[in-house]
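J.: For reference, the chains in residue letters:
4 protein chains.
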Amino acid sequence: MLIVLRPDATPEQQLEVEWYIGSLGLTAHPIPGTARTAIGITGNQGPLDPEAFRRMPGVAEAIAVSQPYRLVSREVRPDDTVVDVGGVAVGGVEVVVFAGSGTVEDRAQTLETARAVRDAGGAAYRSNAYVSPDRPYAGAGLGEAGLELLAEARAATGLPLVTEVSEAAALARIAEVADAIEIGARNMLNVHLLHAVAEVRKPVIIRRAVGVTLRELLLAAEHVVSRGNPHVLLCERGIRTFETVVDSFDINAIPTLKRLSHLPVLADPSRGIGVHHGVAALARAAVAAGADGLLVHVHPRPLHAHADAAPSLDPAQFAELMRGAGAVARAVGRELAGPA
Amino acid sequence: MLIVLRPDATPEQQLEVEWYIGSLGLTAHPIPGTARTAIGITGNQGPLDPEAFRRMPGVAEAIAVSQPYRLVSREVRPDDTVVDVGGVAVGGVEVVVFAGSGTVEDRAQTLETARAVRDAGGAAYRSNAYVSPDRPYAGAGLGEAGLELLAEARAATGLPLVTEVSEAAALARIAEVADAIEIGARNMLNVHLLHAVAEVRKPVIIRRAVGVTLRELLLAAEHVVSRGNPHVLLCERGIRTFETVVDSFDINAIPTLKRLSHLPVLADPSRGIGVHHGVAALARAAVAAGADGLLVHVHPRPLHAHADAAPSLDPAQFAELMRGAGAVARAVGRELAGPA
Amino acid sequence: MLIVLRPDATPEQQLEVEWYIGSLGLTAHPIPGTARTAIGITGNQGPLDPEAFRRMPGVAEAIAVSQPYRLVSREVRPDDTVVDVGGVAVGGVEVVVFAGSGTVEDRAQTLETARAVRDAGGAAYRSNAYVSPDRPYAGAGLGEAGLELLAEARAATGLPLVTEVSEAAALARIAEVADAIEIGARNMLNVHLLHAVAEVRKPVIIRRAVGVTLRELLLAAEHVVSRGNPHVLLCERGIRTFETVVDSFDINAIPTLKRLSHLPVLADPSRGIGVHHGVAALARAAVAAGADGLLVHVHPRPLHAHADAAPSLDPAQFAELMRGAGAVARAVGRELAGPA
Amino acid sequence: MLIVLRPDATPEQQLEVEWYIGSLGLTAHPIPGTARTAIGITGNQGPLDPEAFRRMPGVAEAIAVSQPYRLVSREVRPDDTVVDVGGVAVGGVEVVVFAGSGTVEDRAQTLETARAVRDAGGAAYRSNAYVSPDRPYAGAGLGEAGLELLAEARAATGLPLVTEVSEAAALARIAEVADAIEIGARNMLNVHLLHAVAEVRKPVIIRRAVGVTLRELLLAAEHVVSRGNPHVLLCERGIRTFETVVDSFDINAIPTLKRLSHLPVLADPSRGIGVHHGVAALARAAVAAGADGLLVHVHPRPLHAHADAAPSLDPAQFAELMRGAGAVARAVGRELAGPA
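Chains as they are written, first to last, in this note's numbering: chain R, 1 to 340; chain S, 1 to 340; chain E, 1 to 340; chain W, 1 to 340.
Don't take each hint at face value.
[What the hints assert, rightly or not] Below, a sample of chain E positions facing chain S; criterion: calculated Cβ distance under 7 Å:
id	residue
1	213
2	214
3	243
4	248
5	250
6	278
7	285
8	290
9	319
10	323
11	328
Derived by calculation from the structure, the hints in this document are not laboratory data.
Where a beta carbon is used, it is the ideal one built from N, C-alpha and C, also for glycine.
Let the hints inform the model, and build the full structure from the sequences given.
T.: So this is what it looks like as structure tokens:
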């Protein structure tokens, strides 16, 4: 922590700050400047809370020097973490694509979509049976029946299964079937759910919400890792900005998360641009920027999809996306990979 | 819903859109323009999903005309809703202030703070026993023991109690003690928790998260009201923008929410500006803009507060805030009010 | 400047940073910490540029401690600056309202509006003759002819005149007539225009653009003050955020600018909320938050206004705004004031 | 324009709106719905201003259907525009890289940098002699002397020259030397400067400012094209969001601008991420997303660069960026190209 005093801070105010630092068992290091004095603090074991310093008389700013996350940081673990999702390695040299429809609709649609994903080279099937409805009068998904359809699709295709959990009550059942559990943007700050998935020891994909900082995303991951589940994957899916023609996608998040953390980084180009005609371009960009994998909405008849109709690709469009993403992956020295 | 075609849309594409509208049992109303054609849609009972239209060939835009919330809208109920919080009417002519420390620390601190709130004219005591820690290595609050201290403070002062719930598991116990339940910003998109508080039939304060639109806030309220609990209060607490010197507070949200909805609107000037020296000014502004109430952090010794040290006011500063907010309330034809 | 080293920085990298600091004639103050080392820098006369430090091996962050503005800061001048706008003192105990139509339309409209502003207690007439059109096919305003109408309105009502300049070429002529010159949001980062108005020595109102930080606004003011024109007024007019129902207004900017700077702070509630039915509430909030004055759009027949129809108030609505803003001004110990 | 009435709009209010539409010489098309009525408007030659409608009683919303730009839109011109920058075709199948130091420092640095750019395959040299200082106490660049050094670098390397103009006064002289003129983010809303460069008939690169929408960027381009200069290139350079670890880059802007407009689209990965270690990844992503060219900061000794030290690449890093961008360009069926 660095405490910056105001230029008009009195000697008494400076002494008061130094005394308070000492009262916490820490050491104050005054740095007198031309216009103002700063005070460095050392001796703390973890991050200090700047709030109290900010309200002391004579203090202009309290600047945190350390980050509040540790285990997920690359400083603690320089090597990339590779997470095994049902036999698919994520975070290594290969780039993986998890794809499927936004929700499970029925048996025929599920099997048809899963086969299209497999045939185009997808590495896992991704779809949701338990749905957290964002509109009050929308349905809640098929639940258990949908989960059974997903298990059937997994058996029929050999693809690992990625599916979302939105409440702790459904977690145990979902964890029996899923190869990786996804925490949606609406729940990624729900600490209780993060703690629940930490107990399950299945891979957890944490999606960054549209108004959440990279630091908060890394803190959410730290909640899971610090409770004993190191199999965490981060996912960028777009942020909320003033631009309204299309959504905004924080492409810089990809190299930045790779630099700050050793965890695998995924990108969701479907929700990241929100319209089907832009998905393939964004998918290529994400791979070019260093993403370890993609989450893509695919549906046999997107116009009739129960959810995510606008960004969903039909099987031919998805196959085209795979070709484009594969070419870019090779251009950056990687390969697209399917299940082992 | 209004479908706007591209200028280069073919007659076949237009027919396809009109056919699709008909297939949904709805009526298409083409409006040919100089440069492009639009198609109005009528006959729908609820809001239509624009996603499918956006992906049809020849379609430039699909513009929703109706809002996805109904019961909370002023169009459905023109008169202000007045919510009773333990005998305190919120949403009527009087402006109420709910105040207290961010977390329950111990018995002495709790009683001292509650008395300071009462003595300065606060309408309810507000503090949290069950805490949802945003940092992985922070504590989780006193839980049940803290709730008992809050009940004691309520008995000692006669002030109604407002406290937060962050997981469904603790809800039943909290609802026994609290006069109003607060849903924090980290949980306001957690649909399962919204549905749970809808069952409880206690007043619910929903705080807008920093990256959430007014429409999403109203949708969260609709989740609760549509499940049978009409006692909902909305709270603006600041939004996340590019400005970093202090947080940003969306003051326009106050008159806008009052115009769009009949529900009471509260403001949190403490987290809304984030530093103690700005809280009183923001509190006055919120009342001047039409807020029905304020949520304020108060602590006997803010420098030593376990949470929210930077914005917390000491009792003298809080009394000063009450004087200023009261003067502004009278200037707009209202009064500050305490418990009955 | 504080340089924070990475936890894995080598001793050689630290020495390199210290050597570089010395090569600039400055002094390095290493502060060894548990996890990482920071290096304070002293001896600089002005602000240092962090860019070079950020690219040195082993450096995690370079944190500026000083602000790049000086003359406009309250640290340099603790007392409020009071600016004289044609006999009206701005920044003192009285709150002033500058009002008028967005553009000069014709003689009758100009005189009628100016009289309505005067009759309701406005302190200055504000309208634009030289218009910077934001749409390629929109008109450019009446120019010189409009300026003459403004001069006539000024003579007829006795109100000082506030008008915008958008290019240096028109400045000399505008400065002959205007009592204060306004720099619009589209030009507030146009350094050449800022330097030009610095030469004129008339009061200058700088409007913060929708994507500009408070620091950048203060830098724009510093450009003018440091070139010899101390008569600068700051104006908050709303910022661009993700919220789209109405524009966002950064109400926290008002107490924050008053704290950081000694310059008067104005608010524009008309463009700040963008719709006429919210203007009065926002005007009251701005005064409650400490604004020294308001800029308000008034038009005799807003529906037919050539510009800014949505937020413009008719004379009766403006008189009502003045009553409301006046009551709030008195509640915070101030008064609305007209011309001397 | 579509006018949406409030559910409680009276028949008289609807008639009033329809009468007003008729008074403008336009045709009203009422579309009665279940909950509310909408009114389509046809007959307008150009875009209508929604402002007046928004203030009519009974009106909930006025939604613009047409865009305010025309000539730059792909609807008007389906084929890509290819702009010739000193013999380099931009907007065709080849991807171009314009690179150089932020400012001209001296003769040796300029020639050394230009040669490094040429040797690595850059298509043009880009650097600034006339600088618009964002800090009040910073220097203003070498001006005319710098321009002469740029002309010398152009002669020595054969690379076309791209340089910035920030005020109309310097435009004629800059246009004599430059092959393309750049309008910086601080000036892209400066309509007078846009109109001035429209007269010059040299290619104009318009950089999107950090708080500006895509629509506003296209409007700025329309200002230039509609005044007779069709040689406009658009440039995305990052936007301002709540994220602070690094800047945000709106990668979706690239496919979206290509879809909305026929103009070439450039990307600036240097300012787009702001730190040298992320520039190459962002450059690759921009090419993968469809950018027609890149603007890159290069300096022989970045640590000592007078401007833009943090993102600047040294010659070896730049050569590496060129290899990576070239591989991605080939993966998407394009090639990096140098001067003819």
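J.: Would you pick out the hints that fail for this structure and give their numbers low to high?
T.: Of the numbered hints, 9 and 10 do not hold.
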